[in-house]
Every structure is written in C-alpha cells, then in structure tokens.
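**Q** Listed below are the residues making up each chain.
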Amino acid sequence: METSGAHGSVKISGFSVVPIKFEENSQASHILYFKEHALHRDDSKPKGRSLFIANIPPYCTKEALERIFSEFGIVQSTCFSEDEPQKSTRNKNSNKSTSIYFTDATSVEKKKCFRMGYIIYKDKSSIKKALSSPYEKPFIISTKSNPVLTGMPKWQKEYKVETVNANELQDEIDQYMESYDNKLNQQLEEEKDKEGVADDEGWVTVTKHGKMKPTPRTAVNQKKLSKKERRRKKERELLNFYTFQIKQEKQDRIATLRQKFEEDKERITQMKAARKFKPY
Amino acid sequence: MGGKRERHEAEGSLSDDIEEDDEDVLQTLTAQQREVTGEPMKKMTKKEREKLYKEPTVEELNQMKETENLFHSNLFRLQITEVLKEVSLKEKHKRQAEKLISTLKETILEIPAGEQYDLKDTKWLPKQKVKLPLHQVSSCMKGKFQFLPPLSVRIIGSYLLDTVVKPDTVVDLMVEMPKACVSENDSQNHHYLRKRALYLACIATHLHKDSQCQHLQFTYLHGNHLKPILAVTLKGDSRPITVHIHVVISNDAFDPELFNINKCNVNTKWWKDVTQLDDKDDVVLKPTPISNMSVLEDLTLQQNTDYLEKTLTDLSGFTEGIKLLKIWLRQRELDKGYGYFNSYIMTMYVVYLLSQRLLNKMMSSYQVFRSTLIQLARSDWLSKPPSLYRNKKSGSDTREKDMMSIFDVVFLDTTGLVNICSTLNKSLFQRVIHEAKLSADYLTGKTSEAFDLLLMTPVSFDRKFDYCFHIENIRPMVEKGEELGGIHKMVDNGGHYLHAYLPAVLNILQKALDKRIYLIQSRAIPTPRWDINEEVRTCDDIERVTIGILVDTLVSVRAVEKGPAADSPQARGFREFWGEVSELRRFQDGSICEAIVWSKGSSFRKKRLVSSKIVPYILKKYAGIDIDDIRFIGEEFDIPLHLPFPKQPDLPVYGTGEEQHAVLLQTYDSLRKSLRALPDLPLRINTIQGIHPVFRFTDVFPVMALNQFKETKKIGDKYFPTRSQSAPPFHPVLPVMCVLEGSGKWPDNIDAIKRLKAAIYIKISKGLSTDKSLKVHLHATYIDIMKDGYVFRITISALRELSVLKSTTSKSGMLRVQTTDQSMEFEKTVIALPKLTSTIHGIYQQHNTVSCAVRLAKRWVSAQLLSDHIPELAIELIVCHIYLTPAPYTKPGSPGAGFLRFLQLLSTFDWKNTPLLINLNTEFTAEDFIDIPARFQKEREKFPLMFLSTPYDRWSSYWTTEKPTAMILSRLAVLAKESLTLLQDQVLNPSAEDDIKQVFRPPLESYDALIHLNTSLLPRSYQAIDNPRDKLVPDVKQPDDKTFPLIDYDTCQLYLHELREIYDDVALFFYDEFGGSCIGVLWRPNVFHKKDVKVPNLCKSKPSTRGDDIVLECNIDAIIEDFKILGEQLVMSIDVRRH
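Read top to bottom, the protein sequences are chains W and R. Just so you know, the first sequence maps onto residues 1 to 280 in UniProt numbering. Just so you know, the second sequence maps onto residues 1 to 1139 in UniProt numbering.
Hints were generated in silico from the structure; no laboratory data involved. Glycine is no exception: its CB is placed at the ideal position from the N, C-alpha and C atoms. There may be inaccurate statements among the hints.
Straight-line Cα separation of at most 20 Å, SDA-like style, residue types lysine to any residue; simulated pairs [claimed, not checked]:
id : chain 1 : residue 1 : chain 2 : residue 2
1  : R       : Lys51     : W       : Gln248
2  : W       : Lys157    : R       : Arg49
3  : W       : Lys265    : R       : Ser807
4  : R       : Lys54     : W       : Phe244
5  : R       : Lys47     : W       : Arg231
6  : W       : Lys11     : R       : Cys1099
7  : W       : Lys224    : R       : Ser807
8  : R       : Lys1124   : W       : Val148
9  : R       : Lys1124   : W       : Gln156
10 : R       : Lys65     : W       : Thr256
11 : R       : Lys763    : W       : Asp171
Only some residues are given here: those of chain W computed to face chain R with a beta carbon under 8 Å [unchecked claim]:
id : residue
12 : Val17
13 : Val75
14 : Cys79
I would like the entire structure built from these sequences, with the hints used as guidance.
**A** This is the structure we're talking about:
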C-alpha cells in the first residue's frame, strides 16, 4: 500500500482506495476502488476525463454515485458497465423497436450485484482531485437530503400490479405483426429473385415455393434415412445359416452371461462397501 | 438391450421431428430421450474380449446352470451368499464356543446332589445371591424337593441345527432333570413348575461360584413366564458367549395323558384359597391347556430335537433357508415376545413342508425361503392345521379338533401331543400371514428389489401401523376377568393376567373395528432379563401395552356405524355388544336401524380419528380401562398443519387444510367453466390446468380468501402495502396454464408468437369482463383473474412454441433440433407440470391421507431451513412414491405413517447408486425396472444427484437437475434420521412432555451467522410452528370481492431473493418459509481465501496483506452490515458466530 499526498490517499496497484458507507453511522464499510480509465475503444469515455470505479455496492444508485463524485468536479455522465450493450449484440439490436409491453427473447434480466461503473467529468482536472481523495474520509451513499431506500420502504414502494390498456396493446401488436409479415414477404421475394442465379462459386440454390411444402432438410430426417438404409441391409442378411453363426451365437450368450456376472459382482462389492448386508 | 436402446432412439427421433403436428409432439415427448442419450458402449480391449470368449470350464457351466435353475438371478444369489456370510457364525468362533460349552457341560454334570427341603421353603437358597425365578401366587405346596445331578446335558436349538443368526448368537443347552426329582402328584397345581424353577436356581447357585461364568441372569423362554431359563455369559478368549440353560424333566417321568388339554391340573380352588378367602365348593374344574402344554413341551423336547437334527443334518440349503426366514421374521419384529411367531415355529414349519413333500431335499436356500413364504401365504392354518404327527392312529383327529377348539392356532409336533403354537394369538397370526402374502408377491413379481425389501428393510411397528394406542395401566383387566374369558384363564396362566386376557381384548377390538381395519396387533413386550439375585419379574412390571391398527382409509372415516335394522333378530346382539352408545336412527333410504354416531363434525381430521373414539370406548366397556390411561398416537401429526383461524359463520372451515383446498378447487372449477365457455376465440383451449401446489392438494397452507387488512390501503380497485409496523398476510397468485389447440398458422418467430398470444389475452379478458363475479386484470403476458377472493394467473401456451424454441438453422441450411434452457423450461411448466399436477391430484383421490403426508413432509423440510434447497416437487414425488410403492409395507393409512416412512426413506435411501422410480399411474413396464437402473449405474455422472424417474419423465428428472446439492442431500439424510428416532420414540414410548413440534423446530447450531427477523413484519408469521394460539391471523374482515388483494407480497422472500442474488458467491442462506423468524447463513469456504489484486477479484473485497504483498480478502464485516441495510426494518439483529 502506498500513501501519497498530504491528505493521505491510499493506492493499490493503481487504484485509489476509499471506503464507502451506507449511512453516516454505519459500522462497517465497503471499499471503493477507482482509477483513470485507460482503455479507449470508443468515444463514450474520452481520454483523461473518465474514471473507472470497481466494487460499487448494489444499493448504491446511479444518482448516489454521481452525487459522491460530483464533489471533485462537474460530472458529465455516469454509467454502470452492465448497462452498456454488449459489443456483439450492439449492432444487431440497434434497429429493433423497443416495446413497453414485451421483452425480447434474447434480452437477459439484470441481476443485482456489486458493479463496476464509469464517471465522465467535464473537466480533466477533476480526475486528479478524485484520485487523491483521502482514505480517512469515507463516501456516504444515503444522506439525509438524498436518502436511498432499502428493505421494507423500498419493497413497499416497488409493489405494483400492472394492468395494461387493451386498446393500446392491440395497436402495438397490430403494428408489429404488420412489419413482421412485410419482412417475411420481403425475404420470400429475395429468395425468389435469387432462384436460378449462381453464387460466386457457381452453385445454384434450388427451392420449391408451391402449395405443397417439401420435406425439410433436418438433422432428424437425415438420421431417419440412414437408419432405413441400415435396416434394409440387415434384412438381407441370413441368420442361423452357417455353422459359424450358430457357434458364434452360443459363444455370445455365454459371454453376455459372464459379463452380467461380472457386473453383478461389482455391484455386490459396491453394496458391501455401503454395508448393505447387515440385517441388524 | 441393444435392440431396446435403438427403439428408444427411434421414438426420440420421431418426436424431434418438428414437422409433426403439435399434438403428436405432446404424445411422443413422454417417451423421449433427451440430451442424455447414451454414447455407444466403450470398445472392449482385446484382453477383455478374450476373457469373455474363452472356452467355459465344466465347473463354470454348472454354476451358470445352477444359478439359472436354483436361484432367480445372479444378483440374488450373490446377495444371499453375502447376507448369509454376514449372519453366520465364523468357524473360529464356533470352535471356541464348543470348547467352552464342553467344560460348562462337565461343570453342570458334576454338580452334587443337594439335601432334601420342603417344597414351600426357599430359605435354603443362598441369600442375596439367588432368588427363585418363578412367580407363584399360592404358596400352598405339599411335597419335598431334592437336587439330584442331571441325567444329561445336550445342545439343542438353533446352534445344534446350525441355524444361528447373528446377532442373536445363543447356544441353547438342555439339562435333563432326573425322574426321581418329581413324584406323580407334582403334575398338579404347578408343583412341577416350582420344582423346575428350584432346580434351575440350584444350577445358578453352583455356576455362580464358577469362574468361567461371567454373568448370570434369568429370563423367560420366548417371554413365557411359566418357563424361566438361565442365561449364562461365558468368558471367551475374544468375545463372550451366551448360553441359555433350559431344565426339562426326563421324558418318562409323567404319563403324557395326565396333561391332556382337556384335563384340569390347576385347581381354581387351590389358587383362590390364597387370594380370596371365600370358600365356595362349587368351583368347576376347567381344563388348563396352557399349563399342560408347558409341561408337555418339556416332555417332548428331546424327541422333537432328535427329529429336527435327523432331518436337517447335511441339508445346507435348508439350514441356510431357515436362516433367511429368521432374518425375515426379525426384520418384521415377529420373532420375539410372548405369543409371537418365534423361529422354532418357523423351523418346524419348514420341516413340516419337507415332510409333506412341498419342499424337496435338493432345494437351494433361495428356493426354501421362497417356497416356505409362498406356502405360508397360501396356507389356511385356521381350518387345516399343519401337523408333524405322522402316526394317524385313533384319537389323533379328535385331539386335533380339541386343540382347535381351545387354541387360536394349532400346529401339532411330532409326538402329536403338543401344539407348538399354543401361545400364538389370532391377531398376530393374521399379521404373519399378511406379511407372508406381501412377501410372496414381491418374490413372484419384480425381483430386482425383492432382496432388499424382504431381508434388508426393517418393518418397524411404528411405521407398519397407522395408529397406535398405549394402555398405561392394565391392572383393571383383572376385574373384568369374567367377561374376558373367565377366571380360570388367569389360573391357567399362573396369574399372568395380561397373557390370559389380552387375546380376548384384541378379539373384541377386532370385532368392534370390523371392516375399518385390516390388522390389529399388540406390540411384543420385551422379554425381561434380570440378575439372579433380583426378584422375579411379573406382569406388574409391565409399563404399557401398545396396540397398533392398520386401517382401511375408506371405511375407517365413516362417522356413523350402521347396524342391523331395528326389527331384525341381529339388532339385540348389536345393542348388547355396543351398550348405551347404540341408538335407533332413521337413515336417508327410509330404513330405521341401530346405529352409533361416533363423530358429529365433518372435518377430515375428525373423520380420520373415529377409531380413536371406538377403541377407548370398547376398552372401557370390556376391559375396564380408564380413558385417561389410554394414549392415542396419530392425531398429533395434524398439529403442524393446523392454523388457528377464527371460526366465522360465513367463512369455510379451515381444519387441517384439506377442507380449504376443496373450497378453493370449487372456485377454480367454475373459473374453468367460464374459460371454456368463452365465445369466438381464434383457437380452442385444449387443456386448462392449475400448476400451483394447491391444485394437487399439496399446499402446506392453502390461501384463504381474505383481502382486507388494516395493513393495506385501497387505491382504485387494488390494495397496496402501507408503512405499517406489521405485515399483511401473504396472498399468493395461483398460476393456471392453458394450452391451445394445435394450428399450423403460428409464425416461426418466438417474438411474433408472443404478440399473437397477447392478442388472445385481450380477447379472453374482453370475453370475461361481462362476468360480474370476476375481476380481470390484463397484462401483456398473462391475465390475473380474481374470483371469490382468490387470484388466478392465466397463461396460455401453444405447443408450437416448443419446436420454435428448439430449432436452429445451421449454416448449410439444415434444421437442427436442440434443447435449450428456454425449451427445457417450457417443457417443465407447460407440459410436465400440468400433467404431474393432475396425476398427483388423482393420487389424492385414491389415497385420502396423501395430502396431509405430503404437506407434513414439506413443512418438515422447510422447518429444517431447507425449503429453497430442495425442490418441493421432489418432496411431493417422494411421498407419492411411498403411497404408490409402499413395499415392504402396505400403503400408509394415516398422515403420520406416511410422514414417518418419508423420513425413513430419506435417511436410508442410497441416492448415489439407485434411482428412485416413481410409478405414476403404474405406467412403468417391467423392462423399465431393469433398464433405468442399469443405465443409471453405467452413466451415473450424467444424472442429477437426486434422480427421480417417472413414466412421464424417465431420464431428465426435471425437478432435481440443479438442487439439491451433495451437501444438502447428506444433511437431509442426517436430519431425517434424527427426527425419525425422536418421533419413533414418541410414538412407541410416549411421555407427557412429548411434543411433535420438536422436529419442526430448526437446528441452528451449525450456522455461521443468524439473521433474526422482526416477526411482526413477516407476512407468514401466523404459520410459524410456535405461533401462540391466541395470536390469530391479523384482523380478519369480510372479504371484499370488488378489490384486488395485495398479491405475492412476501417481504421476506424479497429479502432472501436479494441476498441470494448478490451474495451467492460468498454465502448460502437457509430459511423456513412458513413463518421462520431467522435466516441461517453459511459462508462458502472460498470466502476465507486471500486473493491477488486483480480487477475481477475486487468485488466485495478489502485490502489486506500476505507477508509483504498486498492482497485482497473478503470484506465480511461490510457484508454483514449489508445484510442489515438490505433488510431495513425487517432485520432485527444479526448474530455472527464465525468470521
């Protein structure tokens, strides 16, 4: 641990360390770790003005976090890392319509946990101020003027029974279905356009668009086909015809008996180990 | 096997076909094999192959043939060999025993003759050292006694026949008393019994001085107080050996005819002279069969032993078979005690079957065991008694008939003089036959489990019988002697009133309970054993008599006993039998009959306990036993399910919850009707099925239709929580699943399906809004409907969703079917759960106690703070298993019996090696019983720890895939065992301090921290086991069916949910959902590890040091503070024990 500065700020491998308390009179406190955000992949977190914060307690709201760090300068924006869209899905979902009634099949429910977050200051100098904040002066999440609700008061406030307006819902559904149908038709058109046109390597995709649907190419259907083939082959074979077959069959029978015997013996030893033979 | 597996796969592939109709998906899903389908068997190595395919030796072939012919299967044979090895005496042990016994024999033979004393006199026995082991009321004895050296000493019984079964390793030694010790007159008035006891006391006196004898005690042979024997513990090299010394008279001492069962050898006058001083000469000489038999047994002992020895030598199959039968008896607690089916009777029966050629000498132990049980099950001893007496001379038939008129059960020995079963009473014999029948069924049915069921599972009294009652003071029986068979019975039994009258009491009870019960049996009183210097034990030492009944659950709940018509000739008998409780009643069909009304209330609980009213009444009337001396065990089990709801005229009865379930289901049924009647829905609703436990009768505390509490406030048409200092009672939402009929028009996109479903919701809600009795709240993914104060949440699904969820398109354009988490969830809630709910509901309709048993089990699991760690459906399925496959018992007839067996199953079941097959609707095939365990064992790792397989769900064990974990499972077994021992003790040895609630209070010692909650803020505090009875459900008011109640608002669950979500990586949380007042916390072991400073490790940490390095450690203090912060107001205090 290194201590630097007149105020006694504490640093651990680049992180400034300051305790964070729920209330003024809380007994124990968590530790907030923060440092200047070093990676710059996009413009949302400009260099020199962004602060990366780790181990934010779950009851610390965005507002409380912003309030705490506004002590060192004007905060431009605050965000939690989990709120940011994942890179892989960002592009895909960008054009999806957001609905107040439905969640998408792909979206995941947010879990409460200890979070990481970013503060983006308006001014570069605020970062320095923030980083040198002293260890002895813990941050307070819930103050008299800005209380944070937990426990009973919170649950009581959050209780709600949702009801929706049938007409509005119906309108949204109609809209969605219309655009969905359009999309499907468009796809079909595209496929039809492509018909007979060879791709880069010269392959032509053939599709049937009649009233009778063709059997689809599924993994299951393919399995079925190969099974049928095997069965046919087997039927053609002659059994009990040659002497070697009869002999083989007898041998096989003894072998299975033996194998079963061995298996049983193993089970018995297992049971014995479990003291299963003491009837008292 | 191979072929079968292929078939399974074929079915699986069919069902995977997404082009099939939706209905077909439903049908074939049941037979489907999911992800877990076995990989092809491992290729054998060359060596293994050679080993399997080598030429068989002659010996091996023989063995295989033998196994096939003489034993049912290899496994059975191996199991039998193992168990026999376990119970048989080791050769080393035997050699040592023989050496010791031969010296003991000599010691006894060398005892010198004693002096002659008066028969009355016992003062000559060394004071403080030996007391006479016989209790005699009358001391009026004439004659002399002199000890003469014994004629012979020989080993008899099981040791001689090599049928000793550990742990009862006793060597029986017969000492022959010379003829000169007795005179002709000694046949009268128990003089012989006295002489025999004196003789035994003399031997004891001598052996007392012998250094070889460690410990000397008297005991009774088979609990028979007329037959004291001496138990000698011999000092062995390694372990002591117990020898029982029996004294018998030389067999030519008396003429057996003297002891004919019709002769009287004990004069009632002689007996009465002493007890009562009124001198009446008109005492009739009534025969004394029991006393006579006891002497005759002595006279014929040698002959019978010779016969057994001659027959069984060199028949190892038989001796081993007898050993198995002895284990069988022992596991059923049938072999020990007065009037029980002891192993001597069993051995004689086997020999009898051999003599009748029902067994043959070539048979293996398994075959002897099996055939004997099957013969026993089929036999009809009561009308055709077995007999070893061959000599069919004149008179034997009449003797048999005489015996049958006197004894309940008759089985003649080789001499034709003795009834081996003279003490066996009818009710016990019925139990033996009942057990034999059950066992014969297992033997002829599926054999894979038969071994365990027959020989390894103890069938204890408390679990076998549905209800027990204890008679704590049996003395009043003496007063009622005349009604219970007459005073001469007591005389015959040497004053032992219990042995004299108990069979009669049981017979009367059986008559009174009639069709209500299948079986009645009194529990064996442990055979007393006492040191030779102590007073003899008599029947006054018996603390209590325990009687168990096995009830027919359908008949036993009849509150009114309908007798014969008032004018019929039987009416008088009925009135006389029942006495004043019988009255004339007019029945609905117009007939006027004698009848008894046992219970006025109609609650399920009262109906179940009708027999608890009949039994004390009969005992009072016929045996004079006071009601305060009778303890009925069984009703205690209703306490944990009872709620102190106030009785209100317009509210339905709550009772033990079953009534409330029924009321709720009525509402549900009418709701179903309204749903079905909905006009013009785009698709028909195929099935409507509730999926909450309430719809299966298994909700521990079914919700009441209450919604108006002072703790809530009304805004619009809904109630909301307030900032009050107490919580409103919990009101859950009851989910109902509707499945729509199949249609090809559903889109291929899950989001689009969701929209279309919402459109249907809108239609439904519009359709229902005209119904004034309903209050409908529409939501995009469900509808909440309130009816009669209950809130149902309707969800609809289409089976098409499943195939959409499962199918993915690969790059090459091929459609693949894959199980995903979502599709699994869909299968569980839309297909499996509704089916299971209706099945369990069906089971309840067949077995009316299943509901209480399941709920007791659930409540118990929750009380151990494990409710969130063990899925409730797993518990329900296990209890169903107990009802569907009750072997080795019959199905439980009371909630208590079901619950005890649940505990037994949990404490003994070997989850690691065995799958639990729950045969719902008996849809498992015989092959399933072989295939499922076989594959389970081969691919153990693929299956969950607790593997429950049902015919609808053979391989995936839906409900236990994640929970319970290994730790929880083993803890559950430990807790179950402890609770079981405690309850068993309460059932069998009740005392005033007993409290069933004891097992429903959580053990808190093992937790690292305890979070104590503010009980007044718990929405379910009224369900707590120790909730004071006067504290009722907070302010029950009239239900208001215009306003939506506060639903699913359980602050404690919200709190737990937050805790688990945030701190799952550092701690486990344990809670009793039924009003528990504290949460147990266990730190995960990794909490105490120190970690390097890295960004992922920063979570919940604080800086610390390890040597010179800076590292991170878990910030436990802050976490504990967090527990308080997150549970603001709800948490009272946190008690930290380890950090």
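**Q** Hints the structure violates: just list their numbers, smallest first.
**A** 2, 3, 5, 13, 14
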